[in-house]
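Enquirer: Single-letter residue listing:
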Amino acid sequence: GAGVSQSPRYKVAKRGQDVALRCDPISGHVSLFWYQQALGQGPEFLTYFQNEAQLDKSGLPSDRFFAERPEGSVSTLKIQRTQQEDSAVYLCASSQGDSSYEQYFGPGTRLTVT
Amino acid sequence: QKEVEQNSGPLSVPEGAIASLNCTYSDRGSQSFFWYRQYSGKSPELIMSIYSNGDKEDGRFTAQLNKASQYVSLLIRDSQPSDSATYLCAAAAAGKSTFGDGTTLTVKP
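As you go down the protein sequences, you meet chains Y and V in turn.
Per the working numbering, the first sequence starts with residue 1, numbered consecutively.
Per the working numbering, the second sequence starts with residue 1, numbered consecutively.
The hints are simulated quantities; they were obtained by calculation from the structure and are not laboratory data.
The reader is advised that the hints may include incorrect statements.
What the hints assert, rightly or not - In silico lysine-lysine, BS3-like type, Cα no more than 30 Å apart, as pairs:
#, chain 1, residue 1, chain 2, residue 2
1, V, K108, Y, K57
2, Y, K57, Y, K78
3, V, K96, Y, K11
4, V, K96, V, K42
5, Y, K11, Y, K57
6, V, K42, V, K56
7, V, K42, V, K108
8, V, K56, Y, K14
9, Y, K78, Y, K14
10, V, K2, V, K96
11, V, K67, Y, K57
12, V, K2, V, K42
13, V, K96, Y, K57
14, Y, K78, V, K96
15, V, K108, V, K96
16, V, K42, Y, K78
17, Y, K57, V, K42
18, V, K42, Y, K11
19, V, K2, V, K67
20, Y, K78, V, K2
21, V, K96, V, K67
22, Y, K11, Y, K78
23, V, K2, V, K56
24, V, K56, V, K108
25, Y, K57, Y, K14
26, V, K56, V, K96
Claimed, not checked - To list a few chain Y residues with every Cβ distance to chain V over 12 Å, as calculated:
#, residue
27, A2
28, A13
29, Q17
30, G28
31, G42
32, F65
33, F66
34, P70
35, G72
36, V74
37, Q84
38, D86
39, V89
40, L91
Quick caveat, the model's predicted, so the values are computed rather than measured.
All C-beta atoms, glycine included, are put in the ideal place defined by N, C-alpha and C.
With the sequences and hints as input, model every part of the structure.
Expert: What follows is the structure, given as C-alpha cells:
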C-alpha cells in the first residue's frame, strides 16, 4: 500500500516568510510524528498526534512552530517568520499505535531558508 | 549528554564480515527500541524492533537488548556493500521516540 507522503519535497524560503509542510500518513495509522533532522544528526522530536489530539509538542523549538491534524489524518507543520536556523529536513512518521510501535517515515521536506 | 548515544564511526568492515553496532540509552522508562537504516539523502527505514531483553533475529540482522545495562546492539551478518549506510538507534517512551545521531557503516567489497 501507499507509504507516508510529504509535500513539498524541497522548499526554499526567504527569511521572514511563512511556510507550510504537509504530511499524509499511512491510511489507518493512528499516530503521527514530526521530526527535524540537521545534517549529520539523528531526527529530533518536534511533536506527536494521536488521531486529532496533539499529545506532546515539547520539541517545538519556538512559538513560531505550529502543527495541526484537524481530522486525524493529514497533518500540517507551519513555521512562521522563518529563520536561517530553521533550515533542516523535516520528517513525518506514522504508526499504528503510539511511539512504542514501529514508525514509518515519509521522504521528508528539505527546507532551506535564505 | 544525549539520551541515546551511538559511536559515530565510521565503522568499516569487509564484505561478508559481521558488523556490530552499539547504542546506550539513559531513560530507564524506555519501553521499545528500534534500529533504522538511513541512506545518504534518504529518510530512515525501519529494519528492527525489540521490546524485551534478549536477542531477536530477522534474516541477516540480530538485535540485542539488555535493559539492566541500558544497552541495545545490532549485528549484521554477511555484510554486503548495500548495507553501507547510517544506522540510527531509537528508544521510545511515553509517546516519544528519541534517536541517536547514528553510526555510519561502510562495507568494502
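Enquirer: Each hint needs a verdict: does it hold in this structure or not?
Expert: Status of each hint after checking the structure:
{"no.": "1", "hint": "K108(V) <-> K57(Y)", "in the structure": "42 Å, violated"}
{"no.": "2", "hint": "K57(Y) <-> K78(Y)", "in the structure": "13 Å, holds"}
{"no.": "3", "hint": "K96(V) <-> K11(Y)", "in the structure": "27 Å, holds"}
{"no.": "4", "hint": "K96(V) <-> K42(V)", "in the structure": "22 Å, holds"}
{"no.": "5", "hint": "K11(Y) <-> K57(Y)", "in the structure": "23 Å, holds"}
{"no.": "6", "hint": "K42(V) <-> K56(V)", "in the structure": "26 Å, holds"}
{"no.": "7", "hint": "K42(V) <-> K108(V)", "in the structure": "21 Å, holds"}
{"no.": "8", "hint": "K56(V) <-> K14(Y)", "in the structure": "48 Å, violated"}
{"no.": "9", "hint": "K78(Y) <-> K14(Y)", "in the structure": "15 Å, holds"}
{"no.": "10", "hint": "K2(V) <-> K96(V)", "in the structure": "15 Å, holds"}
{"no.": "11", "hint": "K67(V) <-> K57(Y)", "in the structure": "27 Å, holds"}
{"no.": "12", "hint": "K2(V) <-> K42(V)", "in the structure": "23 Å, holds"}
{"no.": "13", "hint": "K96(V) <-> K57(Y)", "in the structure": "10 Å, holds"}
{"no.": "14", "hint": "K78(Y) <-> K96(V)", "in the structure": "20 Å, holds"}
{"no.": "15", "hint": "K108(V) <-> K96(V)", "in the structure": "36 Å, violated"}
{"no.": "16", "hint": "K42(V) <-> K78(Y)", "in the structure": "22 Å, holds"}
{"no.": "17", "hint": "K57(Y) <-> K42(V)", "in the structure": "25 Å, holds"}
{"no.": "18", "hint": "K42(V) <-> K11(Y)", "in the structure": "16 Å, holds"}
{"no.": "19", "hint": "K2(V) <-> K67(V)", "in the structure": "18 Å, holds"}
{"no.": "20", "hint": "K78(Y) <-> K2(V)", "in the structure": "27 Å, holds"}
{"no.": "21", "hint": "K96(V) <-> K67(V)", "in the structure": "18 Å, holds"}
{"no.": "22", "hint": "K11(Y) <-> K78(Y)", "in the structure": "13 Å, holds"}
{"no.": "23", "hint": "K2(V) <-> K56(V)", "in the structure": "26 Å, holds"}
{"no.": "24", "hint": "K56(V) <-> K108(V)", "in the structure": "26 Å, holds"}
{"no.": "25", "hint": "K57(Y) <-> K14(Y)", "in the structure": "26 Å, holds"}
{"no.": "26", "hint": "K56(V) <-> K96(V)", "in the structure": "23 Å, holds"}
{"no.": "27", "hint": "A2", "in the structure": "15 Å, holds"}
{"no.": "28", "hint": "A13", "in the structure": "20 Å, holds"}
{"no.": "29", "hint": "Q17", "in the structure": "25 Å, holds"}
{"no.": "30", "hint": "G28", "in the structure": "17 Å, holds"}
{"no.": "31", "hint": "G42", "in the structure": "4 Å, violated"}
{"no.": "32", "hint": "F65", "in the structure": "16 Å, holds"}
{"no.": "33", "hint": "F66", "in the structure": "19 Å, holds"}
{"no.": "34", "hint": "P70", "in the structure": "20 Å, holds"}
{"no.": "35", "hint": "G72", "in the structure": "16 Å, holds"}
{"no.": "36", "hint": "V74", "in the structure": "18 Å, holds"}
{"no.": "37", "hint": "Q84", "in the structure": "21 Å, holds"}
{"no.": "38", "hint": "D86", "in the structure": "19 Å, holds"}
{"no.": "39", "hint": "V89", "in the structure": "8 Å, violated"}
{"no.": "40", "hint": "L91", "in the structure": "6 Å, violated"}
Checked against the numbered hints above, the structure violates hints 1, 8, 15, 31, 39, 40; every other hint is satisfied.
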